[in-house]
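Listed below, chain by chain, are the residues.
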Amino acid sequence: MATKKPITLKSIFYTAVSLVWIFGLSAIGHIVMVLIEKYNPAIKYDFAWACAITGILALYSTRFMKSDGWQSFIGCMAGLCVWFAWEYSLMYGGHDLGVTYTWNGSYPEYRMMKWTYMMLLMVFLYLLFQESVRCNFIFYLRKKLRLMRGAVATGKVDNYGPRTFFEYIMVTWTFYVLLMIGYDEVLFGAYSWFTYMVFFVSFSIFFYLTYKLLGYDRFGANLRYAIPTVTILWNDVEILAKWQMLKEPWVHINWPIMSVIIGGFAVSTYLIVKDLRGRSQGMIETKDIH
Amino acid sequence: MRYAHFGLICIMALMIFVQPAYSQEQTGKEKYEARLTSLADRFFAAQKAGTTIKGVIVEGNSLFNGTTEPQKKPYGKPYSDAERKTALRSAERNSKVFLLARDGTLYSPTVKKGQAESESLGAYRFDRVITEEQKKKKTLPWATLVPLVGREIEVLGEVYPGYSGVKGLFIEALGFEGDYVPGK
Numbered sequence: 007m008a009t010k011k012p013i014t015l016k017s018i019f020y021t022a023v024s025l026v027w028i029f030g031l032s033a034i035g036h037i038v039m040v041l042i043e044k045y046n047p048a049i050k051y052d053f054a055w056a057c058a059i060t061g062i063l064a065l066y067s068t069r070f071m072k073s074d075g076w077q078s079f080i081g082c083m084a085g086l087c088v089w090f091a092w093e094y095s096l097m098y099g100g101h102d103l104g105v106t107y108t109w110n111g112s113y114p115e116y117r118m119m120k121w122t123y124m125m126l127l128m129v130f131l132y133l134l135f136q137e138s139v140r141c142n143f144i145f146y147l148r149k150k151l152r153l154m155r156g157a158v159a160t161g162k163v164d165n166y167g168p169r170t171f172f173e174y175i176m177v178t179w180t181f182y183v184l185l186m187i188g189y190d191e192v193l194f195g196a197y198s199w200f201t202y203m204v205f206f207v208s209f210s211i212f213f214y215l216t217y218k219l220l221g222y223d224r225f226g227a228n229l230r231y232a233i234p235t236v237t238i239l240w241n242d243v244e245i246l247a248k249w250q251m252l253k254e255p256w257v258h259i260n261w262p263i264m265s266v267i268i269g270g271f272a273v274s275t276y277l278i279v280k281d282l283r284g285r286s287q288g289m290i291e292t293k294d295i296h
Numbered sequence: 008m009r010y011a012h013f014g015l016i017c018i019m020a021l022m023i024f025v026q027p028a029y030s031q032e033q034t035g036k037e038k039y040e041a042r043l044t045s046l047a048d049r050f051f052a053a054q055k056a057g058t059t060i061k062g063v064i065v066e067g068n069s070l071f072n073g074t075t076e077p078q079k080k081p082y083g084k085p086y087s088d089a090e091r092k093t094a095l096r097s098a099e100r101n102s103k104v105f106l107l108a109r110d111g112t113l114y115s116p117t118v119k120k121g122q123a124e125s126e127s128l129g130a131y132r133f134d135r136v137i138t139e140e141q142k143k144k145k146t147l148p149w150a151t152l153v154p155l156v157g158r159e160i161e162v163l164g165e166v167y168p169g170y171s172g173v174k175g176l177f178i179e180a181l182g183f184e185g186d187y188v189p190g191k
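In order, the protein sequences belong to chains A and B. Take any residue in the first sequence, note its place counting from 1, add 6, and you have its number in our numbering. Take any residue in the second sequence, note its place counting from 1, add 7, and you have its number in our numbering.
Because the hints were derived from the structure by calculation, they are not lab data. Just so it is clear, CB atoms sit at the ideal spot from N, CA and C, and this is done for glycine as well.
No farther apart than 20 angstroms at their CA atoms in a straight line, the calculated lysine to aspartate or glutamate pairs in the EDC-like style are these:
#1 B:K142 to A:E254
#2 B:K92 to A:D190
#3 B:K143 to A:E254
#4 A:K44 to B:E179
#5 B:K144 to A:E254
#6 B:K36 to A:E43
#7 B:K92 to A:E191
#8 A:K50 to B:D134
#9 B:K119 to A:D102
#10 B:K145 to A:E254
#11 B:K103 to A:D102
#12 A:K50 to B:E37
#13 B:K36 to A:D52
Not everything, but these chain B residues come out facing chain A in the computed CB check (under 7 angstroms):
#14 E99
#15 T151
#16 V153
With the rest of the complex left out, here is chain A:
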């Protein structure tokens, strides 16, 4: 687990940049898919393979990186690339099997993803019982469920790249499955108490996680914790779109809004890279808690 520090102006800056970067990454991921689907659907499966290969290479590259900031930064992008490939593979599967859209508008690939819930549970159970996993949420559950038989594993994690990669995929996967279960009209439905609950709980947890995030004043830990923080807020974005209260700018290709998001992403990428380079050259110092 990363060590939490007092909230400072610096940590507010790092938090804001991380949140903008992860949000921009998700939004740009969506718009890339929409543009390909709209203007050049013929290349989508080649694109998926390119993403998978790039993601795996990027993940491999973290093995050579020394700073946890770079490892997390590249690990997150590797996670997004492989996630792209996974969504496209489901899209291909849905197309091949003739899976329809639902009457409330859910896409075939997400319908298929819903049925991976048991697989998700299996992976989650492994993480829950694996005592060396240091994820705050899983650690909390392990403590509450009395699954922890000793102190949590401590010591340096040598490569945060694969962890960030896995975290990105797991968090995104979990929330997609959760939303799809909520949208299922046989189980709950888009306007059911369950979906309302997911909406309000996600909104509340986003603020709590943002508050926690403010304690991390460097990009390694901050980026990693920004992943669940933004993804949980993304639940609300998705639900608002489902309720037709929000026209997603990346689906309806609203360029003025998308330009702001892309601009924010570009600026935050620049700030992150600048900071990480500064750190690797020893120009930025971070004091640890004693």
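Using the hints provided, position chain B relative to the given structure of chain A.
Using the frame of chain A, we list chain B on its own:
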């Protein structure tokens, strides 16, 4: 930190892969917009000439086993609310859907004549012709058939003789009122 450059090389590799997509996107975008404009022109011309096919989308299994009788209901309201809910659920489980015209003709959506290998049309995204009013609401220019069960649509396409009274209908584009997914 020189190894971090390896990561950046990976990103560049992705961009190189995507480059052909981007350069094609310009032509792809132009082609896409030209296709939609051409479809809209042809759709409205056919509408004026009275050659579009109008009908309500009905769910096939409950129609053919006689459980629902949309053909006996007033045109435009083929199902009760409860029936429509069930019909929608069946359709999203990939039961075949049909177009029932006002004169009672049943059309089976199919692919273009000559195409032997095909896919489920319940999963297919059809181009949707949108009016100026709908454009203002940022309506999506495509639709699939499942959410349209029980609703009236207008089709630009080709009619084939079909079999045993049920005609084949190749849907080139479709138009309808309201949102694709109507919401609550």
